[in-house]
Every structure is written in C-alpha cells, then in structure tokens.
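**Student:** The whole structure should be built from the sequences, with the hints applied where relevant.
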Amino acid sequence: MLLSACGTPAAKDFGGSWKPVNKYDDKVVEIPLALPYTYYAAPMDSTLKTMLTRWTKDTGLKLQYRLRSDFSLTRAASGIHTTELRDATAQLSKIYGAQGVAVTVNGSDLVVEEVSASVAPAPVAPPASAAVVAPSAPVTASVPEPTPAAAPANDGHVVANADAK
1 MLLSACGTPA AKDFGGSWKP VNKYDDKVVE IPLALPYTYY AAPMDSTLKT
51 MLTRWTKDTG LKLQYRLRSD FSLTRAASGI HTTELRDATA QLSKIYGAQG
101 VAVTVNGSDL VVEEVSASVA PAPVAPPASA AVVAPSAPVT ASVPEPTPAA
151 APANDGHVVA NADAK
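When we follow the UniProt record's numbering, the leftmost residue of the sequence shown carries the number 1, and every step to the right adds one.
Source of the hints: derived by calculation from the structure; they are not laboratory data. All figures in this text were calculated on a predicted structure; none of them were measured in a lab. C-beta: ideal position from N, C-alpha, C; glycine also. Mixed in with the good hints, there may be bad ones.
Quick list of simulated restraints, FRET-style, between CB atoms [as the list claims (entries may be wrong)]: (1) Ser108 <-> Pro20: 45 to 53 Å; (2) Phe71 <-> Gly16: 48 to 56 Å; (3) Tyr37 <-> Glu113: 18 to 26 Å.
Distance condition first, Cα-Cα at most 30 Å in a straight line; then the derived DSS-like pairs of lysine-lysine [claimed, not checked]: (4) Lys12 <-> Lys23; (5) Lys49 <-> Lys62; (6) Lys94 <-> Lys49; (7) Lys57 <-> Lys94; (8) Lys62 <-> Lys94.
**Tutor:** Structure (structure tokens):
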C-alpha cells in the first residue's frame, strides 16, 4: 500500500541584515523633507547667463538679464557653493565687477545689469540761489537757567547777599 500525504515546501531562509521594527530613537533627530537648493557652477555651465538661467529655473525665480554680452565662467566662479542666493550673487558681483557686471536679487527677480545702472544716482546739488549760510560760531546746546515765579522786589539786595556767601 502506498501512503501519500499533503506536503508543503520548507520555509525559505530569508538571509541578510534585518532591521528591528518599533525601534525609537532616544532623542529627536531632524529629517529634512526638502533639502535647500545649492547655488554653484556646474560643469555644463559654460557662461554666466547659462548658469543663472539654470539657477532661476531650478528655484522658480525670474531672470532679468540686462547685458548685451555674456561672460565665461572663471575658476573663481566655480568656487561658489552656497545655499544662500544673496551670498552667491554678492560673490558673482565681486568676480565680474571689473567687467561692470552687478548681480542682485530684487524680490523674486535675479537681476544682472551694468554696475552703473545698479548704483543709486548721486544727490543733486541745490541751485546757487538757495545757498545755505553757515553759522559763524559753533552752536552749543545750553540749558536755560530756571526763572523764579516772581522776581524779588530788591534785586540789588539779593545780589549783594549772594556775593556775601
């Protein structure tokens, strides 16, 4: 006689590293959900405008490029590596300042313009007819002496008594 039985395959051997479940940290650990954008010159960026176009597309800013020329990236520009946009633009303005280029942030716009256009105009001198007269002696702040409510009837007697003391 032949006996047969239901058989099941043997349990699989799940090897490898296991991670325990329900493990909690002893102290709070911050887990950033969104990493801050890093402003840097990528190898594919060959010019200033190309790099700034990439930055504005990546961050949702608007590029206002008001120059008639583009500029090659320098080794100094390749050293920029920051998460702060204003820091990156200040570094670029310093690097390209000799060429008359200023890179600034204005709200949600990244503005690239000539240095002369980004500098505030000098105050206008007043007309000659509105000449200001300088005081002849320096003005000093003086504290007025308190005046009595009623002047004494005999001023000479008061002065004499004051001198006698």
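**Student:** Each hint needs a verdict: does it hold in this structure or not?
**Tutor:** Comparing the hints with the structure gives:
no.	hint	result
1	Ser108 <-> Pro20: 45 to 53 Å	holds, 47 Å
2	Phe71 <-> Gly16: 48 to 56 Å	holds, 53 Å
3	Tyr37 <-> Glu113: 18 to 26 Å	holds, 23 Å
4	Lys12 <-> Lys23	holds, 25 Å
5	Lys49 <-> Lys62	holds, 13 Å
6	Lys94 <-> Lys49	holds, 16 Å
7	Lys57 <-> Lys94	holds, 23 Å
8	Lys62 <-> Lys94	holds, 22 Å
Checked against the numbered hints above, the structure breaks none of them.
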